[in-house]
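*Asks:* Here is how the chains run, residue by residue.
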Amino acid sequence: MPDVGAVEQKGQKMIVELKRYLRAPLYPLGLAISVLIRVVLTYMDMKHREDTYWEIAADYWDTVGSASFALIILAVLIHQFSKDKETGAITVINSTRDGRIKLYFRRLAAGVIMTVLTVAILSLCNVVTAYCFAPDVPVPDGFTRMFVSRTLIALLGGLGFFLAASFVCDAISNQMAAMSICGLPFGLSFIINVIVLDKFEFEWFVRYGFFTELMRGRLIYSQPVFWCVWYAVLIIGLFVLSIYKRKERKQL
Amino acid sequence: MRHIVNELKKHVSFRETWVGYILGTFYLVSALAAYWNTVQYAPQRWHGMFQNIKLYGSNFSVFLVIIGIARIMCYERERNTDVLLFTSAYGKRKAFFSKIGFAAAYSAVVVAVLGTVSIICDGYTFGFKNALGYIDGASGCFYVEEGAATMPNLVFCIFQYFLLYLGVLYLTYFVMLLSQITKRPVLAMCISGVVYVVSVAYDILGVDKLSGIAEKIADILWQYGFAGFMMLESYSWGKWGPYYDEWISDLWKPILFVCCVIVFEICLMWVLWSRKDRK
Numbered sequence: 003m004p005d006v007g008a009v010e011q012k013g014q015k016m017i018v019e020l021k022r023y024l025r026a027p028l029y030p031l032g033l034a035i036s037v038l039i040r041v042v043l044t045y046m047d048m049k050h051r052e053d054t055y056w057e058i059a060a061d062y063w064d065t066v067g068s069a070s071f072a073l074i075i076l077a078v079l080i081h082q083f084s085k086d087k088e089t090g091a092i093t094v095i096n097s098t099r100d101g102r103i104k105l106y107f108r109r110l111a112a113g114v115i116m117t118v119l120t121v122a123i124l125s126l127c128n129v130v131t132a133y134c135f136a137p138d139v140p141v142p143d144g145f146t147r148m149f150v151s152r153t154l155i156a157l158l159g160g161l162g163f164f165l166a167a168s169f170v171c172d173a174i175s176n177q178m179a180a181m182s183i184c185g186l187p188f189g190l191s192f193i194i195n196v197i198v199l200d201k202f203e204f205e206w207f208v209r210y211g212f213f214t215e216l217m218r219g220r221l222i223y224s225q226p227v228f229w230c231v232w233y234a235v236l237i238i239g240l241f242v243l244s245i246y247k248r249k250e251r252k253q254l
Numbered sequence: 407m408r409h410i411v412n413e414l415k416k417h418v419s420f421r422e423t424w425v426g427y428i429l430g431t432f433y434l435v436s437a438l439a440a441y442w443n444t445v446q447y448a449p450q451r452w453h454g455m456f457q458n459i460k461l462y463g464s465n466f467s468v469f470l471v472i473i474g475i476a477r478i479m480c481y482e483r484e485r486n487t488d489v490l491l492f493t494s495a496y497g498k499r500k501a502f503f504s505k506i507g508f509a510a511a512y513s514a515v516v517v518a519v520l521g522t523v524s525i526i527c528d529g530y531t532f533g534f535k536n537a538l539g540y541i542d543g544a545s546g547c548f549y550v551e552e553g554a555a556t557m558p559n560l561v562f563c564i565f566q567y568f569l570l571y572l573g574v575l576y577l578t579y580f581v582m583l584l585s586q587i588t589k590r591p592v593l594a595m596c597i598s599g600v601v602y603v604v605s606v607a608y609d610i611l612g613v614d615k616l617s618g619i620a621e622k623i624a625d626i627l628w629q630y631g632f633a634g635f636m637m638l639e640s641y642s643w644g645k646w647g648p649y650y651d652e653w654i655s656d657l658w659k660p661i662l663f664v665c666c667v668i669v670f671e672i673c674l675m676w677v678l679w680s681r682k683d684r685k
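Order-wise, the sequence lines are chains A and B.
Its first residue numbered 3, the first sequence is counted upward by one per residue in this note's numbering.
Its first residue numbered 407, the second sequence is counted upward by one per residue in this note's numbering.
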């Protein structure tokens, strides 16, 4: 029989971590700015591109969605992994019973939940915005299936991106450095032209190697098995690095 | 000078600074390798070198400035040492001007490194042929009417980096102002980075996608924002395209504008720095 009291206590601790995320002022601010940009672009689509209106709505994760999602992850969700050191509370927290590895995994779990919540909020706002501006424009067949599939792919990419960025942030205990290390390859991927790429050259790795393509709602059709192995090795490798650095700091 | 060195010591103690240096070096080397063999013969090589700032120089400068400068104005506040600093007789003034001076010197070093490396690496491939020859109008250089030579190739190349430096200073003090207002370096980083990316994206992709008042607002933000000056587009004020012959005579207008903006940013920072906190 599971100990109900212990489960309840763990649940309350998880709620505390989730509340920390939700109370961060940057989180609603980031969501609001993303929605505002989407509203402005939807208005212009309604005015000038009515024939491809719902196709553009389905392609939400291609630019605005993925960029704002990545920004929320880097600016808000990974901050919990360096906040203790910034505020000087790390020594006190390390001295508590559950303040080391248990707290680390709890924060990872809370971050994963927040990532899922962020995707849900952004995609819901996208659909609501698109429908509010043009309720008379007929929704094409297959829009729901296309948008849901792209959203799920973006969620998968976002989870991987969050895990990688949080492992980096925890390993180096510096959010700004983690933002640079994870944000630069994410951003560079947008400007690489896939048409002129050859397999296994450097730009090919930059284009597909850091979750950007998935966060844009697209599967990678160029050597998909290779990329499955690559992403698994990347996430596991960064996790091992994070654990190794924690062991060095006696935070296990 | 001693106080500027103290700011330098603080700057190198930030972990993100070294991450920025490593990533910036990596980006610069990759960009040099990618654009090294884009043109074949000497007259167009100078044209290729004139594009370096637009191709990768501006991005490199933005990245290093945002990473290196974001924390500089709010570091004392983060560590709660600002109160102690402000109790000394000249602490407030000296600290402020040492930060301003350090930021200017840091920006100069970034632009100097970028300019030196890209001019030497590119020029070495064709032996700096025609360096002191006048700009070949047939190569379709920016800002110069076809056939009208205004200055030697190498001099124009170096002059472009001076114009870039003014744009970088504009960005540097903008980032410092943001970090002073927001009191969070991450937020200053995000805002300035997003402003730059959106501006460049508008220049590359969005010019035809906007119309009416939106296009006018976007044009104004592009022309008078730091991104336009860093991409050197905003220095071609009043006219667009390479076929005007009054660029040099009109150049004082955008240079004066950016200098005024820099002074305004410094004054605004001083007002925020010297005001008392609310109780």
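Hints are computed from structural coordinates only; laboratory data are not their basis.
Check each hint, because a few of them may be wrong.
[Said to hold, decoys possible] Calculated lysine to aspartate or glutamate pairs in the EDC-like style (CA-CA distance at most 16 Å, straight line): (1) B:K500 <-> B:E413; (2) A:K49 <-> B:E482; (3) A:K87 <-> B:E484; (4) B:K460 <-> B:D656; (5) B:K589 <-> A:D100; (6) B:K498 <-> B:E413; (7) B:K535 <-> B:E484; (8) A:K85 <-> B:E671.
[Said to hold, decoys possible] Footprint (simulated), chain A over chain B, 3 or more residues, beta carbon under 8 Å: (9) 426 to 434; (10) 473 to 485; (11) 508 to 520; (12) 587 to 596.
From the three backbone atoms N, C-alpha and C, an ideal C-beta is built for every residue, glycine too.
*Asks:* Which hint numbers doesn't this structure obey?
*Replies:* 2, 4, 5, 7, 8, 11
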